[in-house]
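Enquirer: Sequence:
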Amino acid sequence: MEALEIGEGHPTGQGIGVDHAITTLQVAPGGRLPSAYEQMEDVTPTPNTSLFVVPPPFDESSSGDCYFVSSDGIRFKVLRHSLVHTTRYFEDFFQDVPPSTSHGDLPAFYFDEKAITLHSLLIVLYPVHTEEFIDVQSMLDLIERQEKYAIPDSTMMHAVSVIVGRSYAGPAPVDDVMDVYAIGWSSGYRNEVKHFSRFTHRVDLTDQNIVDRLIRNSGTSKSYMALMELRREREAALDGLIEALEPKKHFCLSHSSSDTMFFAFISMIKTAARNALLEPCPICLDAFEFLGLQGTDETRTVTWCSTCYSKANKEKLTNQLQAAIERYPQTISILPDGDFWGQWI
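One point on numbering: in this note's numbering, the residue at position 242 of the sequence shown is 242, and numbering is uninterrupted.
One thing to keep in mind: the hints can contain errors.
As the list claims (entries may be wrong) - Distance ranges between label pairs, derived from CB positions:
id	residue 1	residue 2	range
1	Thr155	Ala264	56 to 64 Å
2	Glu91	Arg327	53 to 61 Å
3	Val128	Arg327	46 to 54 Å
4	Glu91	Ala237	52 to 60 Å
5	Tyr328	Glu60	49 to 57 Å
To be verified - BS3-like cross-link-like pairs, simulated, lysine-lysine; straight-line CA separation at most 27 Å:
id	residue 1	residue 2
6	Lys194	Lys222
7	Lys311	Lys249
8	Lys311	Lys270
9	Lys316	Lys248
10	Lys314	Lys270
11	Lys249	Lys270
12	Lys248	Lys311
13	Lys316	Lys249
14	Lys314	Lys249
15	Lys248	Lys314
16	Lys77	Lys114
17	Lys194	Lys270
18	Lys148	Lys77
19	Lys316	Lys270
20	Lys114	Lys148
21	Lys270	Lys248
The set of hints was computed from the structure by calculation and includes no laboratory data.
Beta carbons are placed, not taken as given, at the ideal position from N, Cα and C, and that holds for glycine.
Turn these sequences into a full structure, and let the hints steer you where they fit.
Expert: Set out below in structure tokens:
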């Protein structure tokens, strides 16, 4: 953190006339973190170009005795006594800061975090718990800064549980699925990461950027290995779905007498099954429609001859395929070593 006091409240909060800044606090002799007036250096604040709108309880109309100013120039009005005992960092930060003598001119301190990250930090530490305003990316940024701001594990885990729980109980976290999965894995949420894994079937795990981000955010390559093992299990289980359709019984004579033709059609059905099973919770109401072999308008989307399956019992095959889908792997079998909820049971 780079924080600087810009005096008794320059009205713009842009750091005009600022001479010094407080650098990232290093441990001083004796294990004590230096105060807010130790370790000074010159700094030029960044002008306010952000569209971030500060919500209560940190906006101008809220109570506060100082300003925290983000690197992009956004001011948050803060009550020092609400933060001073939240972490060791802020205990030392505020120890030599004199109280404000005026309600109109409040001291301001610059931080090197952007507004959205600084807001997340304040939300997690402030007595007003509003973690629902933190998005997944902001939580990842905050996790990276946990040691920097000496955020207690219990405080951080509460915030993480809100984010993970929100995605677990809400709609499918399609956009943030890999980040939510990674957060859950790094925190030991076994049930949650198992649930989130069913939304990863469309993710390109050959993309090195995706893999690197996953391993970095989860803190272990096992999170990636678990997904790759799920892909292997899903591919192996496709044979069970094919058997449910009884191809040897229902392919016509010309397409079952030749091994080349028979396996070409099997490959075609497998491809159709792979695509249909990319959904996190696949529902099969009709075997042929589910695989795209025949739509509701009787138009086949996967072309083959009209004789194949012409005498098949569609209801029977649908029931068999439904049972095979229920057995089909949709979630990871490799889970985090720790179970976060176990400590509360």
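Enquirer: Hints first: check each against the structure and report whether it holds.
Expert: Outcome of the hint check:
1. Thr155 x Ala264: 56 to 64 Å: Given range 56 to 64 Å: holds, Cβ gap about 59 Å.
2. Glu91 x Arg327: 53 to 61 Å: Distance hint for Glu91, Arg327 holds at roughly 56 Å.
3. Val128 x Arg327: 46 to 54 Å: Once the Cβ atoms are compared, 47 Å apart, the range 46 to 54 Å for Arg327 and Val128 holds.
4. Glu91 x Ala237: 52 to 60 Å: 55 Å, holds
5. Tyr328 x Glu60: 49 to 57 Å: Roughly 56 Å apart at Cβ, these two residues keep to the hinted range, so it holds.
6. Lys194 x Lys222: Satisfied, since the Cα-Cα distance of roughly 13 Å is no more than 27 Å.
7. Lys311 x Lys249: 10 Å, holds
8. Lys311 x Lys270: 21 Å, holds
9. Lys316 x Lys248: Roughly 16 Å between the alpha carbons, so the hint for Lys316 and Lys248 holds.
10. Lys314 x Lys270: Within the cut-off at roughly 18 Å; holds.
11. Lys249 x Lys270: 17 Å, holds
12. Lys248 x Lys311: 13 Å, holds
13. Lys316 x Lys249: 13 Å, holds
14. Lys314 x Lys249: Measuring from Cα to Cα gives roughly 13 Å; hence the hint holds.
15. Lys248 x Lys314: 16 Å, holds
16. Lys77 x Lys114: 15 Å, holds
17. Lys194 x Lys270: 25 Å, holds
18. Lys148 x Lys77: Satisfied, since the Cα-Cα distance of roughly 22 Å is no more than 27 Å.
19. Lys316 x Lys270: Given that 27 Å is the threshold and the Cα spacing comes to 20 Å, the pair holds.
20. Lys114 x Lys148: 15 Å, holds
21. Lys270 x Lys248: Holds - the C-alpha atoms of Lys248 and Lys270 are around 15 Å apart, at most 27 Å.
Hint compliance for this structure: no hint is broken.
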